[in-house]
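Enquirer: Sequence:
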Amino acid sequence: MVALHRIAVENFLSLRSVDVTLGQLSVLVGPNGAGKSNLLDAIRFLGDTARFDLQPTLDRRGGFAEVLFKGRGGGKRIKFTIEAVATAHAHDNARDEYTLEVSRYNVPSGPVLRRTEEFKFKRIQGPGRRITVKGARFDLDDGRGAPRSRSVRAQTAGLATLQKLGDDAGGAQVRELASLFETFRVFDIDSAAARRPSVLEPRPSLASDASNLASFLLWLSMEHPEVYQLLEADLAYVLPGFERLELRPVGGSAESRVIHLKEAGIAEPIPLARASFGTVRALALFAMLHDPEPPKLTCVEEIDHGLHPYALDRIVERLRSASRRTQLLIATHSPALVNRLRPEELIVCERDVASGASRIPAIDAALVRQMTQQSDLTLGELWFSGALGGAL
Numbered sequence: 177m178v179a180l181h182r183i184a185v186e187n188f189l190s191l192r193s194v195d196v197t198l199g200q201l202s203v204l205v206g207p208n209g210a211g212k213s214n215l216l217d218a219i220r221f222l223g224d225t226a227r228f229d230l231q232p233t234l235d236r237r238g239g240f241a242e243v244l245f246k247g248r249g250g251g252k253r254i255k256f257t258i259e260a261v262a263t264a265h266a267h268d269n270a271r272d273e274y275t276l277e278v279s280r281y282n283v284p285s286g287p288v289l290r291r292t293e294e295f296k297f298k299r300i301q302g303p304g305r306r307i308t309v310k311g312a313r314f315d316l317d318d319g320r321g322a323p324r325s326r327s328v329r330a331q332t333a334g335l336a337t338l339q340k341l342g343d344d345a346g347g348a349q350v351r352e353l354a355s356l357f358e359t360f361r362v363f364d365i366d367s368a369a370a371r372r373p374s375v376l377e378p379r380p381s382l383a384s385d386a387s388n389l390a391s392f393l394l395w396l397s398m399e400h401p402e403v404y405q406l407l408e409a410d411l412a413y414v415l416p417g418f419e420r421l422e423l424r425p426v427g428g429s430a431e432s433r434v435i436h437l438k439e440a441g442i443a444e445p446i447p448l449a450r451a452s453f454g455t456v457r458a459l460a461l462f463a464m465l466h467d468p469e470p471p472k473l474t475c476v477e478e479i480d481h482g483l484h485p486y487a488l489d490r491i492v493e494r495l496r497s498a499s500r501r502t503q504l505l506i507a508t509h510s511p512a513l514v515n516r517l518r519p520e521e522l523i524v525c526e527r528d529v530a531s532g533a534s535r536i537p538a539i540d541a542a543l544v545r546q547m548t549q550q551s552d553l554t555l556g557e558l559w560f561s562g563a564l565g566g567a568l
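Numbering follows my numbering, with no gaps: position 157 of the sequence shown is 333.
These are computed hints drawn from the structure, not numbers from a lab. Each residue gets a CB set at the ideal place from its N, CA and C atoms; glycine is no exception. Just to be clear, a hint being listed does not mean it is correct.
[To be verified] Ranges of calculated distance between the beta carbons of each label pair, as one might list FRET restraints: (1) Val375 / Pro207: 31 to 41 Å; (2) Gly286 / Lys438: 55 to 65 Å; (3) Asp343 / Lys246: 35 to 45 Å.
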């Protein structure tokens with residue numbers, strides 16, 4: 177099931193005004209600087225807001241002024257709109273909705289944030305439940321009599337704080353939505369961190385930077401040996417000479433593991449610390465794609481980075497199988513990978529030079545499908561030629 181159906185963003189980084197519909201597998205394609213990473217950071221921003229609250233989330237990015245769109249035609253408020261299936265009674269045709277607007281104004285004591293939020297949740301019968309948070313005021317309208325109001329802290333995000341409400345005031349639904357946002361994983365591999373030993377965890381969730389890769393692989397080998405064998409088979413397919421993984425204790429300690437690779441013709445397995453950049457990325461990507469208990473949405477930065485084009489067939493094959501367990505949003509600028517996609521999976525991204533604003537999508541999916549059917553070129557060739565936009 178698609179968890180995140182739609183995300184619309186205004187005045188965040190290069191995203192002056194974008195409105196993107198997502199499927200079970202969606203691939204952002206475009207040149208560097210087109211806004212692919214900024215769209216992924218918009219999703220990460222919402223997850224951070226649910227986990228840490230609004231001000232800490234802005235502080236992690238340098239403050240409000242650093243994330244406000246600075247190009248031509250921009251506004252003075254940042255806005256996020258989400259349509260998702262998060263609560264018990266939501267479904268594809270009756271989605272939960274969440275809107276967050278953030279602006280900043282000056283008072284004698286200094287700049288102050290102003291935020292407005294709106295939650296719309298579905299119910300089995302009736303008009304549903306609407307929660308509005310503006311300044312220090314919280315309003316609940318459940319279609320059953322007059323709306324109820326109360327005071328809240330003006331500088332906090334309801335996404336983070338309203339989870340404490342009672343169920344009759346919408347707390348359970350806010351918790352379900354926040355839980356969805358908190359599980360969003362933007363997978364951006366830190367190859368140096370992935371190479372290092374990792375401390376064992378009882379049930380490790382693969383970290384967004386793959387820093388606990390060894391711990392995750394040990395858990396996978398013990399709890400899901402058949403999946404672990406598939407992962408090793410995929411590595412053998414894309415890494416010539418690869419035979420198996422070995423997860424060795426560090427210094428005789430049972431508390432941590434380090435990854436070694438056994439290769440044909442080499443007597444001793446080599447530590448992952450000495451493996452190539454592409455090998456580390458391939459291992460981390462296949463680990464993510466074989467995760468039997470993934471979050472509801474997984475985003476991947478530059479999935480093709482460091483990989484031989486020969487590996488992309490297997491990567492796309494695993495993307496399709498993984499998309500049955502988790503919704504996937506991928507970023508790439510590889511025509512070789514685009515060649516392996518279906519038109520409806522492609523989201524073309526480009527940047528308007530005059531205004532500095534990203535255009536996402538740069539072309540309607542139905543038009544992509546029509547052009548593909550009428551052309552002798554492959555999908556990757558069409559994009560690389562500039563016919564679909566989003567090319568250099």
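Enquirer: Hint by hint, note whether the structure agrees.
Expert: Results of checking the hints against the structure:
1. Val375 / Pro207: 31 to 41 Å: holds (39 Å)
2. Gly286 / Lys438: 55 to 65 Å: holds (60 Å)
3. Asp343 / Lys246: 35 to 45 Å: holds (43 Å)
Hint compliance for this structure: no hint is broken.
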